[in-house]
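Chains as they are written, first to last, in my numbering: chain A, 538 to 610; chain B, 2 to 421.
Honestly, the hints are just simulated from the structure, not real lab data. On a predicted model such as this, the values are computed, not experimentally measured, just so you know. Fair warning: there could be bad hints in the mix.
Anything over 12 Å on all C-beta distances counts as not near chain B; from chain A, calculated [claimed, not checked]:
| id | residue |
| --- | --- |
| 1 | Gly554 |
| 2 | Ser580 |
| 3 | Val603 |
When the alpha-carbon atoms are kept at most 16 Å apart in a straight line, the in silico EDC-like pairs for lysine to aspartate or glutamate are as follows [stated by the list, open to error]:
| id | chain 1 | residue 1 | chain 2 | residue 2 |
| --- | --- | --- | --- | --- |
| 4 | B | Lys114 | A | Glu562 |
| 5 | B | Lys67 | B | Asp99 |
| 6 | B | Lys67 | B | Asp96 |
| 7 | B | Lys67 | B | Glu394 |
| 8 | B | Lys114 | A | Glu550 |
| 9 | B | Lys235 | A | Asp571 |
| 10 | B | Lys235 | A | Glu572 |
| 11 | B | Lys114 | A | Asp569 |
| 12 | B | Lys67 | A | Glu550 |
| 13 | B | Lys114 | A | Glu559 |
All residues carry an ideal CB built from backbone N, CA and C; glycine is no exception.
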Amino acid sequence: MSGDLVRVAVDSERCIGGGQCEMLEPEVFLLDEDEVISSVIGSGELPRPRAEVVAHRCPGAAISIVEPQRPSE
Amino acid sequence: MSASAASAPTLAPEIADPRLYLDGIPHERFAEIRAVPGLAWHPYEDDGFWAVTRHADVRAVSRNPKAFSSAIGHTNLWDLEADALEARRSLIDTDAPDHTRLRRMVAGAFTPKNIRRWEDTVREITVELLDEFLSQGGGDWVDMVAAPLPIRVILSMLGVPVADADYLVELSNYLVEGTSDTQSLPPDAFGNTTELRLLPFNSPASHALFTYGDEMRAKRRAEPCDDLVTHLVKAEADGGRISRHEYRHLFHLLVFAGNETTRTAISHGAMALAANGDQWQRVLDDPGLVEPATEEIIRWATPVLHMRRTAAADCELAGTPIAAGDKVVMWYASANRDEAAYADPFRFDAGRGGNEHFAFGGGGPHLCLGAFLARLEVSVLLQEMAARRMFLEQRGEPVRMASNFVHGVLSVEMAPEAER
């Protein structure tokens with residue numbers, strides 16, 4: 538179902554600091570100012586279609602969808 | 002490619018001759034190659050390359066850096082000797098993990114969040130250039146607007162004196178010549194003593210740009226500032242997070258790529274707006290169209306025409322077997338006009354939706370570092386032109402560069418028109 542929430546993760550070895558994730562989903566991704574590496578903040582959950590977009594746009598292919606969570610209300 | 006391949010591949014029509022591009026991108030030839038099932042082989046010098054021309058195939062190559070390497074051979078059409086490849090190696094010609102390390106050195110300055118901080122600077126420069134253009138009643142758009150805007154912005158970010166902008170644009174033009182058949186500089190220009198084959202673009206202008214970067218490095222070591230050169234100098238000093246070689250090449254790349262590409266986008270953008278007054282009228286009527294119009298201008302312009310990768314191992318693409326060591330060339334110029342990816346790709350549509358163009362590359366780790374800066378520059382330019390209700394009228398044909406690598410425009414006469 539399109540409303541499913543999924544959890545996202547960042548592979549810090551692959552992150553090139555492009556900042557696309559932070560721009561698209563500022564509630565979920567934060568780029569470290571010094572290291573320029575993205576990490577997941579907060580719940581790390583997104584509706585599946587948005588998670589797929591941010592994973593697709595990541596230039597380093599560093600973002601993955603790790604596990605399906607509960608369906609949204 | 003192995004000469005003993007069981008079935009000979011289709012041969013692509015000539016698309017590598019730089020002189021073809023004096024009349025613009027040979028779109029009909031690219032359309033012919035896109036229609037070939039699988040990949041077409043393009044003879045080049047004593048070897049050749051696979052011409053990757055479809056949107057989906059460019060994406061597949063671009064997003065698979067393990068299979069399609071940037072570090073082997075060269076990222077231009079011709080191979081370099083091993084020593085030249087090392088001497089010329091930059092962020093462009095590296096794979097992970099070197100690429101990841103170097104990219105992060107400069108990535109912080111170019112994130113969407115940090116680029117937004119430059120909006121006021123971009124606007125200030127844009128307003129000055131547009132008002133001068135208007136007060137002169139027009140002129141060479143490249144010289145008056147398209148070239149000075151991006152170079153002044155990137156120099157401001159680097160901390161390089163903007164007074165040197167014209168000199169650095171001149172060097173950039175000489176560098177581009179290195180991708181064509183014409184080199185107007187003697188090998189010893191700018192006091193160069195390095196063999197040309199060891200210099201980026203085979204150009205003595207690279208020596209001049211390295212020298213300039215070395216001088217900036219010395220200045221910022223003596224007197225650090227809050228700028229990108231200081232950041233790189235500190236990274237070099239601080240436990241050698243980058244080497245001296247890497248500093249020189251990053252400086253070279255930031256100056257060159259930070260001005261030449263957006264200049265091209267703004268030049269082709271102006272021509273597109275002049276030729277499609279109805280589309281510009283849409284933007285004037287609806288400021289919400291600045292964003293899609295910016296993307297459309299960048300797609301339309303495709304400032305970098307291709308990048309090459311080299312197969313790291315035997316593999317397959319679009320059903321065509323590729324041998325380890327084969328050159329695989331992604332033609333962004335073609336992917337951005339692929340009928341399978343765009344409705345009516347040869348129409349300039351200021352409101353085009355779902356515009357996943359490959360003018361910044363086809364995705365993957367080498368995605369254009371300056372993508373958000375380029376978008377900011379083009380969108381501020383459109384906003385300020387709209388604020389002045391300014392239409393452009395093109396006077397005569399542009400003077401194009403003879404290059405199969407950059408879609409360069411040397412000059413194009415434009416006159417401002419009051420609202421139609």
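#### Entry: Hint numbers not upheld by this structure, sorted from lowest to highest
Hints 1, 7 and 8 not satisfied by this model.
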